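Join the two chains, each given in its own frame, into one complex according to the hints.
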Amino acid sequence: MKTLPLSPFQMAQSQFDRVADLLDLNTAARDLLRFPIREYTFAIPVRMDDGTTRIFRGFRVQHNDARGPGKGGVRFHPQETLDTVRGLAMWMTWKCAVADLPLGGAKGGVVCDPHQLSSREQELICRGWVRQVVRDVGPNLDVPAPDVMTSAQHMLWMLDEYETLVGSRQPGFITGKPVGMGGSLGRTEATGYGVVFTLREALRARFAKLEGTTASVQGFGNVGQYAVQLYTKLGGRVLAISCWDQKDRCSYTYARKSGVDYEELKSVTDRFGGIDAGKARDLGYERLEGDAWLEQEAEILIPAALDREIREDNVHLVAPSVKMIVEGANGPTTPEAEAILRARGVEVVPDLLANSGGVTCSYFEQVQSNTNYYWEREEVLQKLESRMVSASAAIMDLAQRRDVSLREAAYLIAVDRVVRACQERGWIQ
Amino acid sequence: MPARGQGGEETPTERLLADLRERAKELDCLYKADELLNRFQAAPEDVFGELVEAVPRGWQFPDVCRCRLRLPGAEYHGAGFYETPWAQTAPVYSHGEKVGDLMVVYISPRPTADEGPFLRQERRLLETLAERVGYALMQRELYRLRQGYEVDSEGGWGVIVEFLRSSDPGLLRRLVQKMLTHLQWNGLCTVEQMAGLLPAEEDSGDDNRPLPFHVERDLAERAQRAFRLGAGILGEKTVLGLLEAWVDEERSRFLLDTLANPEATLERVCSALARFRAQGADEDRLPASVATGLRVGLLSRIFSDQGDFVRQSARLVRVSDFFDLTERIVDPGQSHGRLGGKSAGLFVAWHALRRAAAEHPELEQLRVPRTWFLPSDGLLAFLEHNSFGTLHALKYRSLEEIRQDHPNLIEAFRHSPLPPALRRGLAMALDDLGPGPLIVRSSSLLEDRPGSSFAGKYRSLFLANGGTREERLEALQRAVTEIYASVFSPDPIGYRAERGLLDFHEEMSILIQQVVGTRVGRYFMPSFAGVAFSRNEFRWSPRLRREDGLLRLVPGLGTRAVDRLSDDYPVMLAPGQPGLRVNSTPDEVVRYSPRFVDLLDLEANEFRSLPLEEVLGECGASWPQVHRLVSRVDDDILRRVSPVHLDFQEGQYAVTFDGLVADTDFVPRMATVLRLLEDALGHPVDLEFASDGQHVYLLQCRNQSFSEDCDPDAIPPDLPSEGVLFSARRHVSNGRVPEITHVVYVDAEAYAGLDAGAMKDVGRAVGRLNGLLPRRQFALVGPGRWGSRGDIRLGVPVGYADIHHAAILIEVARKRGDFVPDPSFGTHFFQDLVEAGIRYLPLYPDDPDVVWNELFFRRSENLLPALLPSFASLGEVLRVIDVPSQTGGQVLRVLMNADQDLAVGVLSEPGPTVMVRPRRQERATNDPDHWRWRMHMAERLASSLDGQRLGVRSLYVIGSAKNGTSGPGSDLDLILHFVGTPEQREALTLWLDAWSVALAEMNFLRTGYASTGLLDVHLLGDDELAAGGGFASKIGSLADPALELRMASRG
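So the sequence lines, in the order shown, correspond to chains H and E. For the first sequence, the working numbering gives the first residue as 1, with consecutive numbering after it. For the second sequence, the working numbering gives the first residue as 1, with consecutive numbering after it.
Calculated directly from the structure, the hints in this document are not laboratory data. Keep in mind it's a predicted model, so treat the numbers as computed, not measured. Careful, some of the hints might be misleading.
[Unchecked claim] The list that follows gives simulated cross-link-like pairs (lysine to aspartate or glutamate, EDC-like), each with its CA atoms no further than 16 Å apart:
id: 1; chain 1: E; residue 1: Lys760; chain 2: H; residue 2: Glu312
id: 2; chain 1: E; residue 1: Lys760; chain 2: H; residue 2: Asp307
id: 3; chain 1: E; residue 1: Lys760; chain 2: H; residue 2: Asp17
Only chain E is shown next, with the shape it has when bound in the complex (with noise of 0.2 Å):
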């Protein structure tokens, strides 16, 4: 075992642990003094004798290592000891004076190090010691006057204002002061009857009379009778409990001054919370005032100075709760880093639940994973240690600059050390956190902004932790290193270059977390994961109210629940109505269940997205409660697995979380979370949590109208009435919706009269519109039920695949005789809009004070006869309208807000204006410069085609580049007309594949959206371009005409 000091062979990490050992030792040390300390009622000589018998422990080398502690009128030494020339001391202070000393010596030499034989670290050791030994001292003064004074009440005053007035004169004063002031303020009192007792002002107002012992005198006199009012007034035993309360107001002050103190570092807070804690203050004894000030105090300073954060989280911390979580920060040396937004979410929102157990038992079983966590500074330790100084520029060049050098940049900070107090740290929490598997988060300080989520824009990283202690530290630095890196890379600079954030310095903290869950088979995961929501924003039935809530769950880790996905489904449930699933016949159920685990493979050491089957074909048996998260499928119904038959390597399994549903309290624990979290932060909030089979842990806890689906649009009261097309007042949902340019109307009353072979062609003419038509820009309005398949009068019969292109469903419910038929909601593909972004809103014209433009839809040029000739007799029922032709170059905008249960469809004009804030949820499309750049090398692709060699005659542009809509992972869609020999086609595909990967290549150094191509080249013969159908409808178009553009020569 190499100790320190001992020869030159070490390696760094030797030396590291030997460091880390030390430390462990200090601690103990440190710990057993104090819980000795603590004893007040105990024999001094107990307490003092066994504390020279513990503190050699603390020592680099115990065995020769020995403590004394003098004392007034005591001496207490260890046994063995005796006074060598190796020894250290500390003074112990009690009331501001000298009254003893604690030494530590070595009976016989050992090596040199800071201090003689004795490490630097042992100096700062021996003098918190010597501290706290003055702070016992005191405190154990204090409690025998107090027992004294129960045991014989005549002399207590006496006591207490003698002690003082030799010991702490300043204390006195403030005391006798806070006394009378008590007396004054709460009327209890008259100021006749304090006469005298008020500050002899001519005392501290005349410097020419320097008589102390007079003043001092004066004061013990003043104080005696002060206390004797008020024991008269308020009782012998309420003056004593508020002198005590008091003199604990007084022993907080450090902490208080501290936290003021702007200079402070995080380890001067930590140790000073650290003081607090040892000395056994009772924060409910403080007054209301003073703790506030400390809670207010350590919010801001260890997790963000946001005021609206901090006021209200003031009233849900306590400041005992800072006591566990600063014992796990990693501090990167004179740090005056905080710990985020993602960090402070939990902190506060953790021990608002704790407080609430007290009235809800069943919260007793929810958790936190344990969490280390390196504070914001860190990362400017990083840079400075490896002379990265120059990157804090970085930001302000070019994204396709930093594009490019990123991959560099990542190496160099994967191949940099940390600074050696950031790697012990990270060892330490190595140690705490033990050998599981770990994650290693971002918590950005500017996510605590309102409207800037950063969802995803930083890097969480998993770390299967495996390997001996060495490799795990050495996987855990790259990590972090790594995450650092992300601060760098393009995607988050872009963003914050969009919300104005980029002059913001970023600092990010990191979490270092155990991930929640258990080894199943050689993967590690939770037994089920999710994301809850206290507001409902995607409510599939007019019986779900939005604070029913809304919970995302899926097996295996959360990221599935968190993404949208869109070739998978979390289980969607509302906690507050659980039975009103989204899916409700058994094909449904399974068609819209999760088919994929996300989970950490530990042999290969990464993290992996399975196939169902295979996890549960592998070790379905071992994974904790599968039986309450998966249902066999047996032809037309979902049976409940029993818990013992787990063999799933016959027959289907979906999963339903039916048996957590039923026989768990699960969902209504969660509902009680949400409620309980809304009220006690006052904004609706968004968790993720996951369970490892036995606990439900919380991993995180937002501010919902921060993330971009529930962001209510603001609708001015004044909207001028002209303009609006709809108004609904019924079952709004909050969400964003992209400007309209294209309506597709089916009219109510025509479709009633159509037989269903024609209600099935409207269902087909909307489907191939939807190719047509402009992607995410169009409205689909429509009567009842849109997607029915039972009974098409119902409503247009379409499939989700006919209306995926759409913006927003909105299905219009008529009165028809004497009742309104129930809208679908969008149930028959209800989970695919939800994962598609697309919004959904029922309209029930028939409503008092709604809007409803029926004239609009029913006058406006239907483009339907043009854009699909062979449904032209469908004109009566369906009217494709282009807005914008229609009303001067105006755009349908549907602004929609659940708050006031409010939505409407207003004309204005495109682009932003003051009624809308910019839109989130398509970042970087408003960006002119993707299209721009696409037209641009449509452009120089045309120039440089040589239409005769290859047999082309012409080439348009269509689709987004020519809309000026692309974004930055939009395709570059082309037509050609082609007209040569298959050996031409052959020559000429080749080309311009090559184009397409070339632009792909660069568009990837853009945007850093990658693909294997960009261009979407349609070849349209003579005979295609002749019938008109399809893409060759394009040409010449009337809603969306393809551009021609020049080429090199033509065919």
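With the rest of the complex left out, here is chain H (with noise of 0.2 Å):
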């Protein structure tokens, strides 16, 4: 008889207890963190088009807020369990404590399939949602955000029915909306600049620097593109990148010994990040199969495109120049093959770092929403250099100093931070 996998719940608490045990804390920090502080399930009545009544399920769960005001998504999908939204609200609140956001962590769903469902519906659910929990969501207590199946417009529609409540506009209610509706400008870019920011702060703490370097990318979504950009503005040179090929129905990988052209490069690539062959030749790519760009013999690897992308199986392709891999992607690397690479002296920043440009630029929606001033696009990318700046130095830094990897690092500053911040409001001693 097999055993039943783990939960994303079971999973994420097996993580923090690893985590707990390093930092040795006491029961009451573990009783409190490894479940959520509140959790809401409610039903959502919607009115469907064809006149008759549907009841969704609605979960808002908080898992930790001592370090400010909840932010976590709002997922729509059709086998949403409580115990999913349990363990990414968990995950959600390391992931801003990483940044060093002063925000806790949360997660919200329905259960769902919007492919069923006409947007009038899906208008309804999002309504529904908002009014089964308008006491306890705000701009000062948890902040929803667009998340699997769920779009600015689902966002919009959310905040509507919030001020409509509440009696007043709130644009800081919730983040992911489009620019010039309170969104934030920088946000395309977000991801991928964060990823060059971290990658720079792991050289230097390498002593080394960008400047000269070589990288081969996967993906040439956002994140590939804007990082390729400012990549190569820094003085990188890009030997490669892989993308999907829509026509072929496969990746393939355009790889340059001179380095790629970002500017050139764009102007042949569709709306996808699906780069045209033929105009690609003729700027003097080679074409090479999809898996190639893990084969370079370049000295990074930015992953940007799906998870589980460099496995047991495929590892040993990993070139040996390769010195360091910047998950630009959520999980691209599995911890199987994070082994092996770390026996060879490959140092991987870990997405929960890398890819944190994203939820930094929305806590600065939030700042923005706030106050109801909105900063130009330089200035929203410069405060994310600086924060970026520092929150990788701060796990650089602790991973010398107990000579562990950035990983580990990063979970250790995460769950460091929450439990200090639970213990100075007495919550915990």
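Shown next as structure tokens:
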């Protein structure tokens, strides 16, 4: 008889338990942080297009708000469970703490499949969700954001309902809004730039400079594109980029020894990050197989596409020249592969830190919305840089001092920060 | 201005133009005459006085032309009339007797033409005018009688009877008979009351009493009595009404007679109809049987004699609907042709909708584009005119020969003139259609047969229709001949051969239609266009019902919505539930939105497909309704475009049709149209439409069941249960699934027990199998939602690329605890599935009355470890079943019938059986020639391959040629075990390329499928063979082993 796989919440708990052991946390701290601080589950009745009424299940879980108002997305998912939401809420607590944002962790969701719902029905679900939690969320309590199958449009519906109920304009209630409706400039670039800022700090911690390094990138979507743009601007040379080809239904790697010219390559890329093979060839790029990005003789790999791209079965392809992997995507390196890479002396800059540019910019959106004053793009990116630099520095420093991996260091710092906030508030000793 | 008969310097076109001007004058004159003659109430001197002034306008030299009309007791002549030697006269008849004449004179000499100075056409015009004057006399008399009767009812019968007795005793006799029959049939009076009134049989029975006067008097008396009897029972007014209707009926006899006469030419039918119209005959006053007879006659004579079509349509159209139609038929002369299925479908649908518009005012907005028709025997006339008669036998030659010859034939056709009658007709059509772009489409007579859609088999040509009148006419003629050539092109001939239609005489009519649209910058295009189906066979949600219908919308010309495109996506909507869109997140909406626009480039004079951004950027602001078609993509939100800021230079845009759905009643209107047409025609319909931004135009209407996607499989009720692997009774769509030889099965229970990493491995293994298994011959059967991205426990995480060779995607929704999870309906890549023709089926094994043979899937031998050794550990979860090897050579057929909401997966012998009709969409793929030829050529190639010289150790065939499944366009896949040097490799590549190109050319000549090369060669070194992955796995493979061929020598 096989054991059932762990639920996301159980996985998050066991991850926390390991860190708690390293930090030698006391029972009260563990009991507080192993579970959410508050959970709401409720029903959302919706009058469907055909006149019938359907009841949808909604959730909001606030894992911990010792460091500030909760922050976390609202997911629409046909098989959403409270357990999944709990696990993700805890993950948000650590994520905000790693980036050193004055925010706690939360998550919400509705059991529904937007593919089977009209846009009007989705609007009613959004409004129903807000009506059920209006007393327990807010700009200074808990701030929702878009997540799986929810978009800026859903956020605007939720915001409108919230503002109607409280009787005032509160754009800071929610993030992920479009520019002009309370959204922040610089959001598109934030994650990709953040990847490069952390990369630069990780190199600096090794007394190396970014300038003159070489990299190979997987993915040419939002994250990959802006990472390549900033990386090349700072003097790095991108040897290869792998991206999805919609027509051939597979991915290809485009390589050029002299390095990628960002603007040039961007001009032959469609809006989904697909590169035009013929035009790229004319520009002198060689087209290789999708996996070839992994084998490039570069010093840095930036996986910025999907999870589980570097695995036990292909990690041997990683060239000996590679010294560092920066996780632009979520979970691109499996634990097994990471262990092998570590043994080879390759440093992995973990997703928790490397892609935290996104959540940092959400925080900026919140700040701007609360003051109803919106910054120029440059100001956003400047602030992003300084935040990412200091967040990175703390982790690099700890990793060196305790001789742990960057991933472990990130978790240690995150949990430690949250524990201390709880202590200072007197929730635990 | 060159006129006819003046000197010999005219070009043919000038002559033609002069002819046409004459024709226009004639028509003008006729219309004017009809208008005058229909005023029965007006005083005769007004009517006829004006007539004689109007007539000369129809003659070639109106200035010197005068006219005179002589009638009993009256003479009318135009100002300045006097008799001259240059005169033409036609008699005026009324009730079969000559009562006067109509004369036209020239008051000064004019050049000699056909009849003195007069043209042949002028003679015909004069006779027609005289004939109409005769009718008018009769109508006037009747009108007067009726008026008189109403004033003084006493004398009514007498006057009518007296009038008819002398003028038309035959009519009077029939009227009396009708009166009596009416009374008798309705049980209004007894036989006794009618004593002596019934026909005096002894009169007609005895030829020995030639006393006509006596008979007539008897008739008059009988008539008086009969009508008096009728009036006594029914009332005088009713009787008079009946009489009037019967007289009308009598007046429509000539039309019935013409329609019934198989000898009557189309021209005669049209002129009979014109006469019917000119008489102002009212269809509603005709007895129902007569009106139906007329409609049936017209439908079958003009369109098609298919019984179902005529029966259904006769209820929907009216005789008057044909009036305008027949004025837009180009007559090739002595035509007995018809207009074909496409014309018929549109005509009937359009008039059915116009009728319905009374109750549905929103339909008032609908239009059809102005269309001219060239009847089917135009082709024959063309062939005869150019002595191309032998072409009729061309279809019996081999396709290869036909294909080789076809380019020559097109050239020959393009340089051959149309017969003069056709040329004249086309010129008229051009004048009427005006200068905008035109589409010339074929409408085959074989098209309206069930199951023979001929979609795309014949050509449709767009004409920019610019330039001088002569150039436009020239271009139109060329287009017509090119379409004629397409009848003799290999594709339709092959298609007809397959359907057993070869021996039917193919006659193809042609439609010349204004292209719906407006000028946008240098382009011409509709604002948007698309196709609509009254039944939705591609439902993306269980909430959709078939009757919610389906719209496929594109910007620009509708060609992109009609065809399946693998690299572009029309926007799909269910008009019954427009809120339930296929795509939900902004990213999906943008990804699956149209990227190209089909349009006419007026400057380049050609049809083009351009990227959306290019068209938007260049002339987006002048694109009608563009703000309702596109949305601005701002990161994570799609925003409606303001009609104030139509600057598309900046930002990203995607076609969403959000504005059209939100702001207009287009979608509900289309829902109404689909529903009304399906109800009216009695079958599901499939429409093409386009909008110029103001109105929606209907372009085509067909029976949806005739189209290939929508044909239900016949499922025998007595299907033996032992061969059934599964059945489904929910959410079944129609659609053909090819024969399945392999099943990839994911076991739900075992899958649920995996951790996330292993689940992803299952997805990757499926992707690998997709590359290894025979294309479109395997089924994917798995739990929950294929392609689940968020929570992979819901279903195997695959992308479209991992499954795109499958034939069908089956999602198994098993009960978990107390609920059944919703299957995804393929939403993650739904539009990819639609465009690739991959079918989808959800199974609910826990439903009552369904079969789910889990043992077959679980116990059959699993090929996975042999196929993908590196994934062998997944053997418990992922099973690959070779169906024929497990069942003694059987294959799995999935029969789907949405009408019964039933689908079954059943094991049966391969090849067509009684149970399954031959597959249609995979045309020609069952033809064994394709793979035999490929195998033969592969053997030839191998036998001439000097392996020693080129460093090749062995050569294998894989794929469709080896499996006997090649279609006409398939590649020939080879694996070469290469052991040579780089130089040898180069030489080998060159050698193979030459073969590839040569084979491609040969294949093109055989099938018409063009490619740059036919070979798909995989060179494998020792290492790769030893590693055993990828193509190397085919060598010695269990599922689909490569076949080794003998070479000239081995390296």
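Taking the hints in turn, this is what the structure says about them:
Distance hint between Lys760 (chain E) and Glu312 (chain H) is fulfilled; the C-alpha atoms sit about 13 Å from each other, no more than 16 Å. Of the supplied pair hints, the one linking Lys760 (chain E) and Asp307 (chain H) holds, its CA atoms being roughly 10 Å apart against a limit of 16 Å. At most 16 Å may separate the alpha-carbon atoms for a hinted pair to count; Lys760 (chain E) and Asp17 (chain H) exceed this at roughly 26 Å.
Consistency with the previously given hints fails for number 3 only.
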